[in-house]
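Visitor: What follows is each chain in one-letter form.
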Amino acid sequence: MSGNENAASKQSVMDDLYAESAHLHINTGEETIHAKRMGGYWRNIKWLSAATWIIFFIGPYFQWGERQAVLFDIPNRQFHILGVTILPQDFWMLSLTLLFLALLLAVATALAGRVYCGFFCFQTVWTDVFTWLEEKLEGKPAKRRKLDKSSLNLTKVRTKVTKHLIWLVISVLTGISFVAWFYDVFDLWRDLFTLQASTVAYGTIALFTAGTYVLAGYMREQACFWLCPYARIQGVMIDKTTVVPSYDFHRGEPRGRIKKGQSEEERTTGDCIDCKQCIAVCPTGVDIRHGQQEGCIMCALCIDACDEVMVKIDRPKGLIRYESYDSLEANKKPQPLYKRPRVWVYIAIMSLALVGIAYGLTSLAPLELKAIHERQPLFVLQSDGSIQNKYTLKVLNKMTMDIAVTISAKGPEGLVMVDEDLVTTARHGKVTPRTVFIRVPKPLLTAETAPITFTVRGEYDNEMLEGSRESVFIGPKL
Amino acid sequence: MADNNPFPGENNTGHIWDDNLRELSNPPPRWWMIAFWASIIWFIVYGVLYPMWPVGQEPTKGILGWSQMDEYKAGVDEVEAVRAEFETQIKGMTAKEILAAPGLSQYTVASAKVLFGDNCAPCHGGGGQGGPGYPVLVDDDWLYGGTIENIQQTVSMGRKGIMTAHGKILSDTEIEGMANAILAGDPMSDPNFTQKGCIACHGMDGKGMAVLGSANLTDGIYRFGPTESESQLESIKNTIKYGVNDVTDPMTREAVMPAFGGRLSEDDIKKLAVYVHKFGGGQ
Numbered sequence: 002m003s004g005n006e007n008a009a010s011k012q013s014v015m016d017d018l019y020a021e022s023a024h025l026h027i028n029t030g031e032e033t034i035h036a037k038r039m040g041g042y043w044r045n046i047k048w049l050s051a052a053t054w055i056i057f058f059i060g061p062y063f064q065w066g067e068r069q070a071v072l073f074d075i076p077n078r079q080f081h082i083l084g085v086t087i088l089p090q091d092f093w094m095l096s097l098t099l100l101f102l103a104l105l106l107a108v109a110t111a112l113a114g115r116v117y118c119g120f121f122c123f124q125t126v127w128t129d130v131f132t133w134l135e136e137k138l139e140g141k142p143a144k145r146r147k148l149d150k151s152s153l154n155l156t157k158v159r160t161k162v163t164k165h166l167i168w169l170v171i172s173v174l175t176g177i178s179f180v181a182w183f184y185d186v187f188d189l190w191r192d193l194f195t196l197q198a199s200t201v202a203y204g205t206i207a208l209f210t211a212g213t214y215v216l217a218g219y220m221r222e223q224a225c226f227w228l229c230p231y232a233r234i235q236g237v238m239i240d241k242t243t244v245v246p247s248y249d250f251h252r253g254e255p256r257g258r259i260k261k262g263q264s265e266e267e268r269t270t271g272d273c274i275d276c277k278q279c280i281a282v283c284p285t286g287v288d289i290r291h292g293q294q295e296g297c298i299m300c301a302l303c304i305d306a307c308d309e310v311m312v313k314i315d316r317p318k319g320l321i322r323y324e325s326y327d328s329l330e331a332n333k334k335p336q337p338l339y340k341r342p343r344v345w346v347y348i349a350i351m352s353l354a355l356v357g358i359a360y361g362l363t364s365l366a367p368l369e370l371k372a373i374h375e376r377q378p379l380f381v382l383q384s385d386g387s388i389q390n391k392y393t394l395k396v397l398n399k400m401t402m403d404i405a406v407t408i409s410a411k412g413p414e415g416l417v418m419v420d421e422d423l424v425t426t427a428r429h430g431k432v433t434p435r436t437v438f439i440r441v442p443k444p445l446l447t448a449e450t451a452p453i454t455f456t457v458r459g460e461y462d463n464e465m466l467e468g469s470r471e472s473v474f475i476g477p478k479l
Numbered sequence: 126m127a128d129n130n131p132f133p134g135e136n137n138t139g140h141i142w143d144d145n146l147r148e149l150s151n152p153p154p155r156w157w158m159i160a161f162w163a164s165i166i167w168f169i170v171y172g173v174l175y176p177m178w179p180v181g182q183e184p185t186k187g188i189l190g191w192s193q194m195d196e197y198k199a200g201v202d203e204v205e206a207v208r209a210e211f212e213t214q215i216k217g218m219t220a221k222e223i224l225a226a227p228g229l230s231q232y233t234v235a236s237a238k239v240l241f242g243d244n245c246a247p248c249h250g251g252g253g254q255g256g257p258g259y260p261v262l263v264d265d266d267w268l269y270g271g272t273i274e275n276i277q278q279t280v281s282m283g284r285k286g287i288m289t290a291h292g293k294i295l296s297d298t299e300i301e302g303m304a305n306a307i308l309a310g311d312p313m314s315d316p317n318f319t320q321k322g323c324i325a326c327h328g329m330d331g332k333g334m335a336v337l338g339s340a341n342l343t344d345g346i347y348r349f350g351p352t353e354s355e356s357q358l359e360s361i362k363n364t365i366k367y368g369v370n371d372v373t374d375p376m377t378r379e380a381v382m383p384a385f386g387g388r389l390s391e392d393d394i395k396k397l398a399v400y401v402h403k404f405g406g407g408q
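Residue numbers (our numbering), protein chains in the order written: chain A, 2 to 479; chain B, 126 to 408.
There could be a bad hint or two in this list.
Below, simulated EDC-like cross-link-like pairs (lysine to aspartate or glutamate); rule was C-alpha separation at most 16 Å, straight line [said to hold, decoys possible]: (1) K443(A) <-> D392(B); (2) K332(B) <-> D385(A); (3) K366(B) <-> E355(B); (4) K221(B) <-> D344(B); (5) K403(B) <-> D420(A); (6) K293(B) <-> D374(B).
So, partial list: chain B residues that the calculated Cβ filter (under 10 Å) puts toward chain A [to be verified]: (7) L174; (8) G250; (9) T343; (10) G405.
Simulated coverage check for chain B against chain A, where a stretch passes if three residues somewhere in it have a Cβ under 8 Å from a Cβ of chain A [to be verified]: (11) 264-277; (12) 378-392.
No lab work stands behind these hints, which were simulated from the structure alone.
Using N, Cα and C, we set each Cβ at its ideal position, and we do this for glycine too.
All chains, please: the whole structure from these sequences, using the hints.
Guide: Here it is in structure tokens:
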């Protein structure tokens with residue numbers, strides 16, 4: 002008796018497992034996703050957001066005064082952003098910028114899911130453009146599938162070759178545009194046509210061409226599935242209050258096809274008519290009705306598809322809509338923003354980063370001084386009884402012209418700087434080193450180490466520039 | 126096994142554990158296979174282009190003719206080309222002229238660091254700070270003079286100062302008195318300084334003579350500083366008692382600066398002289 006019961010319960014566990022595994026379909030790329038393209042509200046938003054990438058292509062052509070408006074001049078280690086020139090010494094601002102962008106990603110994800118993935122990511126945008134071209138040249142998805150299966154003939158070769166050529170042209174332009182941010186754009190075009198560009202430039206263009214062609218042309222959603230780390234990171238930043246494209250389970254289930262002759266009143270099924278349009282339009286080939294899943298890049302195209310169907314069959318829109326798990330499943334009211342500490346922490350860190358960048362940009366010191374104390378030996382006894390310390394001072398001149406500078410020192414009583422009047426030429430955009438000897442009479446030293454401040458001064462454009470740096474003066478044990 | 130497979134129509138190998146845990150034999154993803162074959166092709170192409178196969182005495186050379194040694198030599202040539210501009214100038218100049226030219230002296234300070242490290246640092250320390258028994262090069266107290274010419278001569282010809290061992294001439298008390306006077310910076314306060322003939326080498330004022338290489342006894346800078354086993358006073362006493370480089374005394378201090386004239390080129394010696402002068406004590 003009990004043995005039979007055991008077997009029965011075992012069987013039911015097995016049934017559950019089989020049912021579960023039947024759902025699992027992991028897209029490993031053995032089949033090309035030919036997503037259907039439909040118009041709609043989110044489709045338009047997607048084109049608008051994708052249009053921000055136009056800046057990537059035309060940005061390098063803008064000029065600021067005598068030079069390119071934004072130019073990351075790596076050989077000269079100078080980074081021009083509009084009116085500002087940043088040297089590697091100010092690069093800490095880059096980490097703040099990256100922090101800001103990372104947190105922007107986090108805050109956007111916490112609020113509305115993978116907005117970046119669905120609307121702004123280059124992988125999404127380039128794939129979108131590539132598949133749009135594919136549709137223009139090869140036709141609708143059904144036609145494309147047929148073409149893929151058909152045997153080789155002249156028409157097939159012609160359409161395929163045209164498509165790949167256009168893809169390649171876009172890829173090459175992508176590569177050139179990327180390099181143009183690091184290389185004067187007009188020089189770049191001239192050097193490319195006269196075959197005089199640097200190997201690094203050719204290499205980078207080749208790499209980006211291949212990358213664009215393969216990633217947007219072939220890998221497509223597979224890049225999101227298997228390559229992209231952000232996809233995984235973004236997934237864990239979503240919680241139950243995050244508003245994401247969701248299928249309204251309660252409204253849609255049980256799903257059922259529309260039966261001929263049946264009126265809306267006698268309908269026993271949910272609003273979902275199982276037309277599978279949401280799957281058809283999905284660029285990553287997932288079924289949103291299974292709920293949130295790793296393959297969903299939250300591009301909202303399924304919302305457009307479902308809404309269009311709902312309008313046709315005269316049911317209210319929004320069976321698939323932007324909604325949080327809480328309000329959908331637990332029927333909770335959406336959590337007000339002020340009750341979501343995570344969002345506020347993200348915003349606080351972002352603001353800190355912004356403040357840091359603003360501080361950095363407004364306080365870019367034109368003259369910077371570094372003092373390196375000689376360590377071998379730390380101090381020297383001179384024949385007049387004074388203790389001498391040696392320093393290597395490095396003067397960084399961030400202006401565009403050489404500046405004649407003098408260096409002075411303030412520190413322990415009786416301090417004498419050897420060659421105090423010496424004028425050094427601080428070369429522009431570079432670090433100029435100078436050796437400095439400081440002497441203090443031994444009897445005047447009151448401690449083993451004493452603070453000392455070096456100041457560099459120079460005149461530039463009728464303006465006195467100054468920079469200083471603290472160091473130590475070291476003497477013998479007292 | 127295949128007959129009672131509970132999961133038919135599936136690519137499993139027939140190995141099933143715990144009812145439903147089974148080993149599948151799915152083909153690897155296509156991108157993976159492409160990468161797999163691409164890496165094999167890469168390996169073969171690389172082997173043809175670059176040195177690789179260990180056949181016979183020497184590995185194959187590769188059709189590109191590339192070698193690590195050539196790349197290294199090209200790198201050295203590149204550096205040499207940058208240096209050549211300075212090096213040719215240095216050839217035609219005296220050490221004093223190099224010192225006076227700001228660009229060249231800066232180049233020398235930067236480039237002679239290696240020369241100093243290889244030849245001088247073992248005794249004088251990496252920064253010229255000296256060591257037990259070896260003179261400090263960074264102060265302004267010079268036994269043989271601190272002008273650039275003096276320094277160049279010292280490096281080129283070497284130095285070997287001599288001080289007679291006074292243990293047979295002076296009693297222990299006399300040595301004690303003399304050492305204390307020197308430690309106080311005032312050797313003349315001890316009448317023995319004049320009477321026993323110290324002034325012959327160290328001068329009437331006790332400040333030493335650069336021609337002889339005798340030490341200045343008044344400035345608190347000592348040729349033989351204190352060590353772990355002897356205090357400064359002990360050290361002075363021992364120097365007086367046993368002398369320096371005195372062959373008649375087995376306990377004598379050894380103090381020899383070897384001549385680098387035969388070991389280093391004239392240009393290298395000039396550079397070293399400038400480098401040492403620039404330590405801060407040059408005159």
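Visitor: Hints the structure violates: just list their numbers, smallest first.
Guide: 1, 4, 7, 12
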